[in-house]
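Protein chains in written order, with my numbering: chain A, 1 to 253; chain B, 1 to 297.
None of these hints come from the bench; they were simulated from the model. Just to be clear, a hint being listed does not mean it is correct.
As the list claims (entries may be wrong) - Just the calculated beta-carbon pair ranges, DEER-fashion: (1) 100/B with 186/A: 16 to 26 Å; (2) 267/B with 62/A: 25 to 35 Å; (3) 120/A with 110/B: 33 to 43 Å; (4) 136/B with 18/A: 47 to 57 Å; (5) 144/A with 69/B: 50 to 60 Å; (6) 286/B with 20/A: 51 to 61 Å; (7) 267/B with 64/A: 52 to 62 Å; (8) 144/A with 8/B: 54 to 64 Å; (9) 127/A with 77/B: 48 to 58 Å; (10) 8/B with 114/A: 47 to 57 Å; (11) 154/B with 178/A: 30 to 40 Å; (12) 200/A with 110/B: 48 to 58 Å; (13) 144/A with 138/B: 50 to 60 Å.
This one's a predicted model, so the numbers in the text were calculated from it and none came from an experiment. Cβ atoms here follow ideal geometry from the backbone N, Cα and C, with glycine treated the same way.
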Amino acid sequence: MHETMATVIDVRDVTVAYHRTTAIEGINVSFPSRAVTGIIGPNGAGKTTLLHTIMGMQPHQRGSVTLFGTTIRQARRRIAYVPQREAVDWQFPVTVRDVVLMGRYAAMGYGRRPTAADEACVRIALAQVDMLPFVARQIGTLSGGQQQRVFLARALAQEAELLILDEPFAGIDAASQETIFHLLASFRDDGKTVLLSTHDLTSIRSHCDYVLCLNRRVIAFGPVETTFRLDALERTYGGRLFHLHGAEAVMLQ
Amino acid sequence: MIAFANLWHDYASVLHKQFFQHALVAAILIGILCGVVGTYVVLRGYAFLGDALAHATFPGVAIAYLLGTSILGGALVAGLVTAFLIGGVSRNRRVSNDSAIGVLFAGAFALGVMLISRIRSYRKDLSSLLFGNVLGVSTADLVIICAMGALILALVFFFYRELLLISFDPIYTASLGYPAWALDLLLLGVLTLTIVVCLQVVGNVLVVAMILTPSAAARLLTDRVPAMMALGAGIGAFSAVIGLFISYPAELAPGATIVIVATAIFFLALLFSPRQGYLTTWLIHRRASSSTNEQVA
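This is chain B alone, in the form it adopts within the complex (with noise of 0.2 Å):
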């Protein structure tokens, strides 16, 4: 009871505090944000794709910290670059297969590790970079993230019914005259300014597990588009509150706790999903079984 008291006083006086209002604002717009623009990648089936696009804006996160200028920009411009190339390459059937994006993003990350690692600071550095560093983040950083946030959100409203007609149907979208392949450059366009906006609060390496599994999580809940949207940004944004909550009195990573707890989210749903979760389905069935089993008797 003492402890619980001890909490709840550590709370209220942390909620004052700037660094954490600021922290917490920019966790729920990127809990959010990562909602509506994950299910997409879930529905397109795009993990493995941003996985490699979040490895491959590492080296430009690198030379941007190293020359001192916008770590944001950098990675923007690394991802838009790598965006357009994995766009070009798969538009080629010939080159794309998922060894080559695999080997190529992977030592896109080594480069960047490796420029970092010139720096004499370089634990501190790297680990802010690969994990985040949500206390952190100061006002100019928030307005960042409203403004790029505010673009992702209209361009994929706006782009709404051309993105779930070429996640859902490739062939027909390109029998109507669309250009197919420009639609998938949009979505991993947008994908990238998210994992870039994403990048502060959860790092490098868990930024496309903020991305998914809320929207993962939402896709074992509903069997519509907007509802999975809805209910993806809503779990993400809970995700969001709850880690950051958990990981501030217990010292944890912040980033790394709110990826646990959309982890944990996911998981119930799959247990617990009424139509496809696993115990769920088990309560079902052994109910059918046993009532059987009385008319047999």
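Next up, chain A with everything else stripped away, as it sits in the complex (with noise of 0.2 Å):
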């Protein structure tokens, strides 16, 4: 196999309900190391939950996940996870650096105040992402897409080796879009891996290097170039693709 084929993360049969409805059913996923994967899908299909499913934060009802060889418990450390940006109350009144040092405190461990360490690292996160002349700023003064990179910075503090995103995109501008991809590539060159959600289509073949189709069940999952096809994508999304995506799916096509 190719050195880059190598699994970070194996997903096998796995299952989870709420209640009596079945939110994704019989999962087989191997995600590739060292690439982008963006899962792609309508909305419940299944994306935010099987990402919490990975993180452990969601109980499954059948089915195991690896990762990096062993269990969420073992590998947590290796992993960041970003949150969709509406989850939180962004009036909260914290700076900036407050919430990037966040990404520090499993590092730091109860009762620890931040070191000289630390603060550097908040500091070197924020460059890269490009926010950090707005280090002391409240974070409802940001707009969306310097809140998504701000999150990514907590994440990027964290210093993991696999950083998955829940729809980092929702809501931002191009230019951060931009941004984000440009570094998220530049964290693949690294040899990291990189697992996202996504509901933009069109950045799929720009800048991911594996799709996984999802509609509750894996519908495809490989290389984009190979799977990222107009088959797979009227499969996953049915026919509202045509009403929505129309123009696009045919171009892809």
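Using the hints, put the two standalone chains together into the complex.
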């Protein structure tokens, strides 16, 4: 097998149900390391559920998840998670620095004050996302794209090997999206791994190496060149794709 | 002028009395404590849960009162049991809902009132339990307030970052491997301890206002958590002192007066907060529109 094909996340036969409705069913995927993998699918397809299950935050009824060849408990320090931007109250009285410092909490441990090394790590992460000038700003004063970059900086401050991002491009401007993708690509080029969910089909071809088409089950999974095709998208989105993304879908074919 | 001189004379004489000194110290300590703990209650959105917790301590207070044992002890047991119940219930997303909590704690409160009503001197006892009796704080009470206050502040400062994290972003907290439910339980536990300490000063009904209002006012005045804690503590202590000094000569209920002072400060902050006050923003808009009108003219 090719060197870049080593597996970092192995999802085996995973099923998650809330009450009586099944969110995802019989998921089998091996996410390759040193790659940017995009997860696409309609609303309610189970993208967030799958990411939460991988992070060990969502109990699953069946199957198993292996990360770096071990359990999430053992591997957690090697993984950084970026939740959806809408999940928090951006009026919360903290600064950009305070939020990014949260990425250092797990390394700092209980009852410890941040060291000079932690503060340096925060500044480096902010510089990487071009947000250093905003270090002292209250987070509610930032634009959506800037908020997303702060969330990314917080994950970078964890110095992880695997980045998992839930809808990082929801409601942000094109420039911020480019900055983030550029950063994710350099993260991959450093030998690290990126897994993200997105609604933005147009960016899959230009920015992702692998794609997972998800609609409660795995519809298709593989390298973008061979997998991101009209028939897979049709099966993922049903007829809706033609109404919403008809022109794009034809273009992609 | 004569009235003022009389008032001054009243204050001068009452300040020498031990019961008033005790009341003053207790009220200031509790004001500080409430401002600090209230900051997390405001940020985590636990106002409703706090109210429920306060009501749920009442049967414990009532039973302890009937048995003639420590009221603080009774409130503490009832409060901690409830905090654990809420913590357990909210872990299970299916059961957690506002109505269930509301129904349960209104019921608990009614149970407390029912138990107290068995005593012959029920009206007087009930009113001191419901509305507090700050002028009856003993030296032993002060020692308990100080000890529990120190414990609460130690917990809050030791877990400052973790409590901040869970209040801001519970999903990220879980992704870092923190036991999110345990941090929530810690916050509920700290809140319960605070409620119990405050019972004697403001009583069962108003204790949540005492915890919440100074921090809510502070929230309007600052964009930083440490500043919010300091301001909340300041507003809490200030309200306590002013409330006591207003209520004593006017023979008003001290706990209620303290809460009214804090509420007045909250409304002042709502109007005059430099960045988000209603009056401030209105003035800024008016100035902006009048200057554009001048340019047009």
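| At the C-beta level, are residue 286/B and residue 20/A separated by a distance inside 51 to 61 Å? | 57 Å, holds
| field | Supplied distance hint 47 to 57 Å, evaluated on CB atoms of residue 8/B and residue 114/A | value | Cβ of residue 8/B to Cβ of residue 114/A: about 51 Å, so the range 47 to 57 Å holds.
| message | Given the hint of 25 to 35 Å, is the C-beta distance from residue 267/B to residue 62/A inside that range or not? | response | 56 Å, violated
| Cβ distance range 33 to 43 Å for residue 120/A and residue 110/B, holds or violated | 58 Å, violated
| Range hint 52 to 62 Å: satisfied by the CB atoms of residue 267/B and residue 64/A? | The hinted range 52 to 62 Å holds for residue 267/B and residue 64/A, with Cβ atoms some 57 Å apart.
| request: Please test the hint of 16 to 26 Å on the beta carbon pair from residue 100/B and residue 186/A. | output: 50 Å, violated
| query | Given a hinted range of 30 to 40 Å, is it respected by the beta-carbon distance of residue 154/B and residue 178/A? | reply | For residue 154/B and residue 178/A the Cβ distance comes to about 48 Å; the hint is violated.
| request: Mind checking the hinted window 54 to 64 Å against the Cβ distance between residue 144/A and residue 8/B? | output: Holds, since residue 144/A and residue 8/B (Cβ atoms, about 58 Å apart) stay within the stated range.
| CB-CB spacing for residue 110/B and residue 200/A relative to the 48 to 58 Å hint | 55 Å, holds
| message | Given the hint of 48 to 58 Å, is the C-beta distance from residue 127/A to residue 77/B inside that range or not? | response | The hint (48 to 58 Å, Cβ to Cβ) holds, given that residue 127/A and residue 77/B are roughly 53 Å apart.
| Range hint 47 to 57 Å (beta carbons of residue 136/B and residue 18/A) holds or violated | 53 Å, holds
| request: State, for the Cβ atoms of residue 144/A and residue 69/B, whether the hinted interval 50 to 60 Å holds or is violated. | output: Holds - the Cβ-Cβ distance for residue 144/A and residue 69/B, about 57 Å, lies within 50 to 60 Å.
Comparing the model with each earlier hint shows violations of hints 1, 2, 3 and 11; every other hint is respected.
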